[in-house]
Amino acid sequence: KAGVTQTPRYLIKTRGQQVTLSCSPISGHRSVSWYQQTPGQGLQFLFEYFSETQRNKGNFPGRFSGRQFSNSRSEMNVSTLELGDSALYLCASSLVRTPTPETQYFGPGTRLLVL
Amino acid sequence: AQSVTQPDIHITVSEGASLELRCNYSYGATPYLFWYVQSPGQGLQLLLKYFSGDTLVQGIKGFEAEFKRSQSSFNLRKPSVHWSDAAEYFCAVGPSYNTDKLIFGTGTRLQVFP
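Line by line, the protein sequences are chains A and B.
The first sequence stops at residue 121 when you use the working numbering, and every number in between is there.
The second sequence stops at residue 169 when you use the working numbering, and every number in between is there.
Everything labelled a hint here was simulated from the structure, so no lab data went into it.
A virtual CB, placed ideally from N, CA and C, is assigned to each residue, including glycine.
Among the clues, some could well be false.
Unchecked claim - Quick list of simulated restraints, FRET-style, between CB atoms:
no., chain 1, residue 1, chain 2, residue 2, range
1, A, Arg-15, B, Asp-109, 33 to 41 Å
2, A, Ala-8, B, Gln-166, 29 to 37 Å
3, A, Gln-24, B, Glu-119, 40 to 48 Å
Work out the full structure: start from the sequences and follow the hints.
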């Protein structure tokens, strides 16, 4: 079974631009979560989607948004990019069979550099 | 608030030596605990997890971890380290009902000398 895939793998943008990152979960997985990883802040939760609905949201500004499609694929968007948005953005998917936490499986990430 | 602490930022061991990476958590109820490993430029790979039951859990690549409720710890161990184990290791807690959100520790970078 294919793992979580993320596109693109690398991205260079300039301040003020916007960017869209894509994540395809493991087949059959219905939940997708996004995390930002930076050297200073570590791994921080952005948001979580399940059945096209945002189930949980981290403490990030409104410039960060996401959505999930009916096939469980997810996108996240960052508008008005700032230098501090440079990070590795990781997507994770899980099966969601019960309300209790499920194991999340991570993709390779998209490395975003903002100049 | 829920939190995860990994006290050791950087650990260096010789190949063949034993390894223990520390993880302490703060959470009011029984946590769901995970260890992930990240090689340079890669995503996170699940090593093992604890949800309930036997407090000693076995994972991939010869790793194991022991959940100790009295110490709020979930330390990762390996009896004999291989050079390929050099990576960054993250402990995480999945704290809540109806969400898969993870709270991560700051990570421990493992360096292995031949």
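Do the hints match the structure? See the list:
For Arg-15(A) and Asp-109(B), the Cβ-Cβ distance of about 38 Å falls inside the hinted range of 33 to 41 Å, so the restraint holds. For the hinted restraint 29 to 37 Å between Ala-8(A) and Gln-166(B), the CB-CB distance of approximately 32 Å keeps it satisfied. The beta-carbon spacing between Gln-24(A) and Glu-119(B), approximately 45 Å, falls within the hinted interval of 40 to 48 Å.
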